[in-house]
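Chemist: Chains as they are written, first to last, in our numbering: chain P, 1 to 407; chain R, 1 to 318.
Treat the hints loosely; a few may be bogus.
Said to hold, decoys possible - Away from chain R, derived, C-beta distances all over 10 Å, residues of chain P:
| hint | residue |
| --- | --- |
| 1 | 16 |
| 2 | 44 |
| 3 | 66 |
| 4 | 95 |
| 5 | 187 |
| 6 | 224 |
| 7 | 314 |
As the list claims (entries may be wrong) - With a cut-off of at most 35 Å between alpha-carbon atoms, the simulated DSBU-like pairs for lysine-lysine come out as follows:
| hint | chain 1 | residue 1 | chain 2 | residue 2 |
| --- | --- | --- | --- | --- |
| 8 | P | 395 | P | 52 |
| 9 | P | 46 | R | 120 |
| 10 | P | 313 | P | 202 |
| 11 | P | 72 | R | 145 |
| 12 | R | 145 | P | 346 |
In case anyone wonders, no lab produced these hints; they're calculated from the structure.
The beta-carbon is built from N, C-alpha and C at its ideal position, and this holds for glycine as well.
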Amino acid sequence: MTNRVKCYLRVYLFLMVTLSLILSFPIVSYAKDVIKFGCAIAFTGKYSREGKLYVDSYKLAMEQINKMGGIKVGGKSYPIEIKFYDDKSSDSESAKLVEKLITQDKVDLLLGPYTSWITIANSLVAQRYKIPMIEGGGASSKIFSRGNKYIFGTLPAAGQYFKSTIEMLTTFKPKPKTIAILYADDKFNIMVGKGAKKTAEKLGFKVVYFEKYSSENTDFTTMLTKLKSIKPDAVLVGSHLGTGINLLHQAKELDVNFPFISLTVGPSEANFRKSLGKDAEYVFGVASWSLQMNFKGYLFKDTKEFIKMFKEKYGYDPDYHNASGIAVLAVFKDAIQRANTLNPEKVRDAIAKTSLDTIYGHVEFNPNGQIKGTSVALQIQGGEIYQVYPKGSRKPIYPAPPWKKRK
Amino acid sequence: MKKISVYLILLLIAIILPFFSNNFIIRFVTTIFMFGIMASAWNIIGGYTGYASFGNVVFFGIGAYITAILMEKGGMPFYLAFPAAGIGAAIFGILIGLPVLRLRGHYFAIATLGVAEAVKALVDNLEITEGNSGIYVPTLNLPVKGQYYFYYFMMLATLIGIILTTIFILRRKFGYGIIAIREDEDAANAVGINTTLFKTTAFALSGFFTGLAGSIYAYQLGFLKPEPVFTVQTTVKMIVMAVFGGIGTIFGPLLGAFTIEVISQILSNYFLVIHTLFFGVIVILAIIFTPQGIIDIVTGRKKFGMAYLMENIRKHRI
Chain P
1 MTNRVKCYLR VYLFLMVTLS LILSFPIVSY AKDVIKFGCA IAFTGKYSRE
51 GKLYVDSYKL AMEQINKMGG IKVGGKSYPI EIKFYDDKSS DSESAKLVEK
101 LITQDKVDLL LGPYTSWITI ANSLVAQRYK IPMIEGGGAS SKIFSRGNKY
151 IFGTLPAAGQ YFKSTIEMLT TFKPKPKTIA ILYADDKFNI MVGKGAKKTA
201 EKLGFKVVYF EKYSSENTDF TTMLTKLKSI KPDAVLVGSH LGTGINLLHQ
251 AKELDVNFPF ISLTVGPSEA NFRKSLGKDA EYVFGVASWS LQMNFKGYLF
301 KDTKEFIKMF KEKYGYDPDY HNASGIAVLA VFKDAIQRAN TLNPEKVRDA
351 IAKTSLDTIY GHVEFNPNGQ IKGTSVALQI QGGEIYQVYP KGSRKPIYPA
401 PPWKKRK
Chain R
1 MKKISVYLIL LLIAIILPFF SNNFIIRFVT TIFMFGIMAS AWNIIGGYTG
51 YASFGNVVFF GIGAYITAIL MEKGGMPFYL AFPAAGIGAA IFGILIGLPV
101 LRLRGHYFAI ATLGVAEAVK ALVDNLEITE GNSGIYVPTL NLPVKGQYYF
151 YYFMMLATLI GIILTTIFIL RRKFGYGIIA IREDEDAANA VGINTTLFKT
201 TAFALSGFFT GLAGSIYAYQ LGFLKPEPVF TVQTTVKMIV MAVFGGIGTI
251 FGPLLGAFTI EVISQILSNY FLVIHTLFFG VIVILAIIFT PQGIIDIVTG
301 RKKFGMAYLM ENIRKHRI
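Based on the sequences and whatever the hints tell you, model everything.
Modeler: And the structure:
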């Protein structure tokens with residue numbers, strides 16, 4: 001080996017070893033007088049938009065907790081700190097970073113990522129280390145199906161999502177008889193679709209159309225043509241923001257009329273209303289939480305105060321993702337104080353016994369770790385979204401006029 | 001001799017490293033090994049045989065899913081599921097390779113891309129894979145540290161396996177055969193090389209090791225979903241790593257995997273959002289200035305300096 005080879009090899013190795021060392025010793029504040037939370041969530045990639053909703057919420061909740069003097073353990077109050085990493089919307093990356101949060105950053109407790117399948121990968125790491133994680137971004141019951149004791153979720157079970165909507169349908173006159181259910185093929189929406197079918201049949205509706213579509217689908221022509229001939233009284237869609245917008249655009253183009261249509265993800269988000277404009281009128285949505293609700297809070301005085309503060313800080317209306325994120329930290333604060341220790345095992349037990357009023361509603365967990373609760377029905381009226389069932393601020397409008405009769 | 005001692009020292013470092021590191025470093029290096037395996041496997045078909053496969057991720061996904069199904073649905077232990085994953089991926093490589101390897105250049109690239117997408121769609125809709133809702137993989141019943149040692153050494157062993165295989169085939173007729181195919185397939189055919197056999201074997205070999213990597217990945221992660229394991233991004237990553245390190249060289253892809261993973265980890269450690277931008281810039285610069293891969297510089301085959309950089313730019317008319 002010549003000298004030159006040695007020289008370059010040495011330079012390269014030196015560089016890489018230095019970089020690796022930097023990696024293994026991150027700048028840690030060694031002060032032990034904070035409670036550290038860790039969170040690997042999407043800052044970039046497919047879920048960056050939803051990820052931001054949670055990051056914003058977690059940060060606001062952190063500020064609020066610190067403003068209140070922190071979390072009280074053993075007679076002393078500690079401020080909290082959150083260490084964020086970007087999981088690039090990838091499950092393996094996310095799991096790796098949770099590993100890092102636990103073993104290298106030595107966080108005390110974990111906050112969840114966005115979306116069910118990334119949450120599952122994370123929860124398995126949390127389970128390995130027996131550190132409790134509360135997540136606000138995954139609703140699939142698959143997360144809670146393996147008896148993992150260390151994961152708690154603040155989104156209600158996906159299967160229950162359309163329950164309130166279908167109950168609302170029974171109150172309509174003339175009473176709708178037939179229901180069509182369309183759902184995207186991701187875990188969350190599959191559960192939504194199947195759950196909706198079960199509920200609808202139980203309440204005496206006839207499910208005339210039950211169809212799955214790919215989450216990346218952009219062309220709904222075939223489905224819409226079928227729906228045009230079946231003419232169901234009500235259509236329930238397990239959707240995403242993008243597919244929801246596409247579906248409605250194409251329905252208008254093909255003149256397929258729905259007396260009633262409700263979508264899971266979409267209507268409650270401002271972007272949905274902005275890009276559909278007037279065509280978003282009369283569309284129903286579901287949410288586990290809405291802006292019209294008013295609950296007594298734990299970190300905030302009530303929901304109204306939370307919405308005001310949130311809007312001032314970030315300049316957009318919070319939706320149920322945000323509220324769910326706030327609930328995550330509220331539950332943690334309450335549970336740590338009741339446990340009166342940071343011992344992960346004891347905090348876990350305290351979380352399991354949670355019974356707390358938050359701006360997100362009353363939080364209690366099922367034995368499997370998922371929150372007890374249902375969702376509400378919303379409708380877009382005059383460009384704004386209102387809760388219409390149960391006991392909302394407006395009455396639901398049914399049936400919706402056909403496209404051609406709208407101004 | 002000296003060259004061999006360098007490799008032995010590196011191997012020794014790799015073996016004792018986990019006993020001196022925390023679990024995150026172990027997991028991180030395991031990931032580097034995984035990409036090292038995949039980039040090296042891609043190198044066999046893409047680098048030596050000259051068939052730029054854009055669907056190599058399909059072997060990874062198949063390996064992962066075979067492991068998940070055998071363990072979760074069939075109740076098999078990992079030591080059976082692991083070789084099954086490799087063999088299954090290799091068989092798939094033969095079946096797909098026979099028709100697809102008749103295509104050349106862009107057509108081959110696009111066809112393999114299509115294969116990966118098609119398999120993803122299939123896995124998405126099958127009952128046994130639990131479709132898009134994802135499938136759990138039973139977890140390894142060991143203390144935490146033990147689990148990480150296990151995954152680490154499995155990956156390391158597989159990595160050594162593919163490096164030795166590459167060295168081995170390069171010294172046989174097979175190695176010269178595939179390089180001949182890369183240089184001029186018709187000429188290779190004319191001198192009596194059974195090109196179909198050689199190409200398909202190279203493809204299957206590439207699939208075998210990628211499948212093994214997928215198997216360990218599945219076991220470590222504990223949960224699979226079609227989208228992330230069949231994503232074209234993984235293929236792109238394999239290719240970028242192989243090219244970055246040095247295409248058609250034995251250690252280039254591994255070097256590429258190591259460098260890229262370390263840089264990308266550090267960047268995303270300090271820049272929450274714009275790390276992707278920096279990372280892109282680094283890759284572009286590397287491709288412009290060292291299109292033969294950084295291995296040339298690291299091993300000193302080429303003298304690094306202004307002259308080298310300018311030569312590359314002139315040669316590729318940038």
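Chemist: Compare the structure with each hint and give your call.
Modeler: Tested hints:
Distance check for residue 16 of chain P against chain R: the nearest CB is about 6 Å away, which does not clear 10 Å, and the non-interface claim fails. With a minimum CB-CB distance of about 6 Å to chain R, residue 44 of chain P fails to clear the 10 Å threshold, and the non-interface call is violated. Every beta carbon of chain R lies more than 10 Å from that of residue 66 of chain P, the smallest distance being close to 21 Å; the non-interface claim holds. Non-interface status of residue 95 of chain P relative to chain R is broken: a Cβ of that chain comes within 10 Å, the nearest being about 6 Å off.
At roughly 4 Å, the least C-beta separation between residue 187 of chain P and chain R is not larger than 10 Å, which violates its mark as non-interface. Non-interface call for residue 224 of chain P relative to chain R: holds, since the shortest CB-CB distance, roughly 22 Å, exceeds 10 Å. Taking the minimum C-beta to C-beta distance to chain R, about 16 Å, the non-interface status of residue 314 of chain P holds against the 10 Å cut. Proposed proximity of residue 395 of chain P and residue 52 of chain P is supported: the alpha carbons are some 33 Å apart, at most 35 Å.
Among the hinted pairs, residue 46 of chain P with residue 120 of chain R is consistent with the structure: their alpha-carbon atoms are about 18 Å apart, no more than 35 Å. A hinted pair counts as satisfied when its Cα atoms are at most 35 Å apart, and residue 313 of chain P with residue 202 of chain P does not qualify at roughly 45 Å. About 33 Å separates the Cα atoms of residue 72 of chain P and residue 145 of chain R, which keeps this hinted pair within 35 Å; it holds. Straight-line distance between C-alpha atoms of residue 145 of chain R and residue 346 of chain P comes to about 23 Å, which keeps the hinted pair within the 35 Å bound.
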